[in-house]
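For this one, chain A is given, so just place chain B on it according to the hints.
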Amino acid sequence: MNSVTDDIPREEFIRRARDMVPMLRERAAQAEADRRISDDTHQAFVEAGFYKLLQPRRLGGFEMDFTVVTDVAAELGRGCGSSCWIFSNIVNFGLVTGMKDPRAQDEVWGDNPDALLASAQPGADSRVTFVDGGVVVDGVWSFCSGVDFADWVNLNVYNRPDDGPAEHRFMQVHKSDYEVIDNWFVTGLAATGSRSVKVNELFIPDYRGMSSFDVKGGPSPGSAANPGTLYKMPFWGIGAKLFAGPAVGIARGALDLIEGDLEARMGMSGAKLWEEPSVQVKLAESGAEIESSWALINRDCDDAWNLTEDGDIPTMMQRASWRRNNSYAVMACVRAVDRLHGLAGMRAMLPDSDIQRAWCDIHAVASQVAVVWDIAASNYGRARFDLPIMDPRV
Amino acid sequence: MTNPSREELLDRARQLAPLLRERASEAEDNRGISRDTHERFCEAGFYKILQPVRYGGFETDVGLVVDLAVELGRGCGSSAWVFTNLAMHGLTMGMKDPRCQEEVWGGNQDALICSASPAGDSNVTIVDGGLVVDGQWHYSSAVDFADYVHLQIFLRPEDGPPEHRFALVAKADYEIIDDWYSTGMSATGSRSIEMKDVFVPDYRMLSSLNIRGGPTPGSEVNPGVLYKLPFWGLGSKWFAGPAIGLALGALELIEQDLESRIGMGGAKLWAEPTVHGRLAESGGEIEAAWAMLARDCTDVMRMTGAGEDPTLLIRAKWRRNNAYAAVLCTRAVDRLFDLTGMRGMQPGHAVQRAWRDVHAVGRQLGIAWDPQAVNYGRARFDLPFNDPRV
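So the protein sequences, as listed, match chains A and B. Going by the working numbering, the first sequence opens with residue 1, and the numbers climb by one from there. Going by the working numbering, the second sequence opens with residue 1, and the numbers climb by one from there.
Bear in mind the hints are in silico, worked out from the structure with no lab data behind them. Do not take every clue at face value.
[Said to hold, decoys possible] Per the computed footprint, the stretches of chain A lying under chain B, defined by three or more beta-carbons under 8 angstroms from a beta-carbon of chain B, are:
| hint | region |
| --- | --- |
| 1 | 78-91 |
| 2 | 288-299 |
| 3 | 303-312 |
| 4 | 322-330 |
Glycine included, each C-beta is placed from N, C-alpha and C at the ideal position.
One chain only, chain A, in its complex shape (with noise of 0.2 angstroms):
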């Protein structure tokens, strides 16, 4: 188990992610039956330090930056979409936490700085009640992934006054306050184990909430406490990195997985299918197209990292560009893999295919609602025409 006295460069986590990436991929088909990702998998990347990347040094965490969260993410999603989803969710948490008031850190790693959180979005039958000090939640949230392996999850909690901004809050619940629903049965990322929880007239203290208005840039709650940059960033504006890195490992691995099927491969009239120019070209064009995603995302981070550094808040519309920015690099990765699933004939619609996965898993990647291309797009539109932006998660 790693302390914070250990000192690890980023190099050694991408190593780490790379190194597991046959385990991963030897184990994705049963972790699909099993509608979960193993509790073996599980713990070694708990052991490789992977959800801490993130976490606050003061607390027992690496306090790294973003682009290294992407390349972990790079690797891991070439072996298992799922795994690698579940890792880029709750590595999100750490960041998370640290930029909320203190007591609501104290309460989560206070007594066990291994304690780890997941999100989960409010149903159809969700109910928030704001009361003096807090909210009151009542029903059930959706799409919980990473809940198996959770201490608290953050419920996502939207207020649309009549008469002012909309605002988007993290709300943090102890498992002990709800109850896990097992209703996650999907065609793509189907071994998240992604399933709901219940809560039941449940009053949450407002100490315990991240709002959207408090991390657009620059001081947030917890920096005070945590005095690192990671800790001002603008959270949304940035944040939805953690679902691009996944995109970019899935299309990585489709790569990976086409390339060893053509070696084997021949075409009607008896050719190896490599030696054909159009297999080339779709080759190409998707490889290219994945590397320019990464290096988007990549630069984002930075540029946003360096930003933050020097004090600067992101205006509105470059916070809508980067969004605007991760949602094209997921779009571009599901192109790539479209185009790769193509090239796998008949074989890759069967269901112990593992390019069929890949392609399954990506579309779900892109339905997630903060990568959907259109939201992303429309945001960025009315942030450079000053119009009205009711998505608080900008």
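Relative to chain A, chain B alone:
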């Protein structure tokens, strides 16, 4: 006098962009950028960024060529193209035999070199100690401002690997033929030149076999990282930079244009979600292209600095990425150009110029998608490889 910083050079380019945009139409009419624009590039020091320090150059990095081309290209694609073509030959010259460098820069550190591609009636004869060239070479961008031309020579011997050479000829050795009439990149003045049985000694040539990463004929006298770069393998970044600039310029112009336009329903066009979708996708494409080129430039400088020789697969990948950047920029401009309506078809429309120009960029053989995509595939599967420029 200290050399200008990277930021200072970029700033100079940014300040020039509006002027370039203003002059773009007239430059097209003249089929070449003005001498005044060229002189401003000289004064700004743009052509010296890859020239060896030994001869008064700045010896910066290849990434700066891309970034400067982006800024200049926002104003005028042809101007950016002239810049990149002349600037890149500071690099090829610095890789050459020191005798050739001395001939070019010994008496005049401001001497400039451009290049030209073989035409149908160009003849190359291999003789003792060099080559004899005869006939026409085409597409010599910026030839009006150059003191020398690097003729591109392709040798495809039956008993060895194909080879490419840059063969240097002085302007006293060729005649310029005023034959540049093009729909895209029309102000680059990329005329042809004609020679009559000119002998080019070996030391005035730079062979593709000697510039695949690591020591080059010139790197002993110019020990900086630049002159050990895998020249062709790093990808012809000097062609992709202007494409990004053009596309960014088109995006800026469209966004301004939209402020005054009204759709059929009477609503402002800039409030239309379909318009937002186009702007966003083109913007994402352009930034992705730029980020990828910048990353590849950083990688190639780092690898070369560390003494690592890139494999054929890596070089083919860099070239593929470069060509893909141009594909992305072309798609971006195509999508934006549709937004200009019929007005965009009128003569002198700046977005239309960017549209014509970006399509011309994609036709440059060094950046054309199909050959680079196939090169990548052939490198990936160890198939025989016949393109010497990778």
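Now the hints, each set against the structure:
1. 78-91: violated (count 0)
2. 288-299: That given contact holds, which follows from 9 residues of the region 288-299 of chain A lying within Cβ reach (below 8 angstroms) of chain B.
3. 303-312: Per the Cβ count (0), the hint is violated.
4. 322-330: This one holds; 5 residues, not fewer than the three required, reach chain B with a Cβ under 8 angstroms.
Of the numbered hints stated above, those contradicted by the structure are hints 1 and 3, listed in ascending order.
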